[in-house]
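A.B. asks: Could you build all of it, start to finish, from the sequences and the hints given here?
Going down the list, the protein sequences come from chains A and B.
For the first sequence, UniProt numbering assigns the number 1 to the initial residue and increments by one for each residue that follows.
For the second sequence, UniProt numbering assigns the number 1 to the initial residue and increments by one for each residue that follows.
Derived from the structure by calculation, the hints contain no laboratory data.
Below, a sample of chain B positions facing chain A; criterion: calculated Cβ distance under 10 Å:
no.	residue
1	Ser18
2	Lys22
3	Arg23
4	Leu26
5	Gly27
6	Leu76
7	Asp77
8	Ile79
9	Met80
10	Ala81
11	His83
12	Leu88
13	Val89
C-beta: ideal position from N, C-alpha, C; glycine also.
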Amino acid sequence: MNSPSTQFVSSRRMGVYDPIQQINMWGDSLKSNVNLSASIPLIDEADIKFDSQSEDASHGILGTNIKYDQEASKPVDKIQRRLAQNREAARKSRLRKKAYVQQLESSRLKLMQLEQELERARQQGMYVAGGLDTNHLGFAGPINSGITAFEMEYGHWVEKQNSQILELRNALNSHIGDLELRILVDDMMNHYTEIFRMKSAAAKADVFYVMSGMWKTTAERFFLWIGGFRPSELLKVLLPLIEPLTEQQRLDVCNLGQSCQQAEDALSQGMEKLQQTLADSIAAGQLMEGSYIPQMATAIEKLEALVSFVNQADHLRKETLQQMSRILTIRQAARCLLALGEYFQRLRALSSLWSNRPREPA
Amino acid sequence: MVSENAVIVFGRRGCCMSHVVKRLLLGLGVNPAVYEVEEKDEEGVARELEAIGGGGDNNKVQFPAVFIGGKLFGGLDRIMATHISGELVPILKQAGALWL
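C.D. replies: Quick look at the structure:
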């Protein structure tokens, strides 16, 4: 039989309250029915003392006369009852303590995880750009450094875009020369090239992020087509704003619109095919099998095609902008870019207004 | 095969980008010949196509690859760019892939 006193002493010696050790010892103690918890031992030690005492008492008394026996048995009953109650109380206390410690442990782990994430985010300078409203919180999963970098860059990109728009507006109002205007136009064109480059990198980091237009404001996302705007739609919006046009120009813009439409249709059909093949590869074999590892492998290969789609769509957007700059004169191109920039500014403003609008009380 | 057809598209089987190229050409009124390449044959076919080439310095073949008038024209990138700039249709007409 275990000697309770020595084990009790050893736990005391450890000094530090180490919950995992305690739990292990409790595990052992439950087996041997000897409790080593710091707060309980007195009762148990006392239990054991009483146990042995009551045994001795009953042994010693049995031999003598009955009267003495009856009187002695009353305190024995009481003692037995008290012992049972003590044991019960001790047991309940142990269970409560165990539950509490387990809770502490899991909270501790969670806290550690949160601290790690916070540190990571702080290091990467997690930047919530103007376009990210509460919808951003839906972006679940571990922090993706490629995406946090993109979000930060995008914030800067929008700022620069706004200042370029302002500059262009002032320039057009002030009748500056064509050469200076060309510089502004080229700057803005390069700026668009920049966002396409950024998106390409972001697509490699997380293609679904780009496909869902997560960095855009809500109203912008309404018009989303393969991770950005639809060129033919924008052309329709911009055309009336860049009049007057020569006949040739009008024809060229019209043809451009048509080519855009055709290219967009081809890409959309490609996307549909991708959806279909993805659905097929996920459902391959029998659904309800319970195991789907091979399907996942093929599906992941298919998903990688999404990156190409984003790249091709952005390529189309870029080429459309280039073609417009070829068709138009410098002044017309400047007005076109200004209109385009303002259009997006208004969309962003709309998103803001929408999310801040007063809601009806429930 | 390349010389026989005004337009021929070489693409991986089941590749969605090949599908995009095909749909675009079909949308223009072109009826391209299509050759589907098996994954295991990719390397070999690419080599062969590069040899036929005739498309200029940048002869590296990536799928999907389009040949127009017997010469390597390029991939989806080039198709898109030339279509937007309006150059694609005249090229196709010249190769006899398009009438009207």
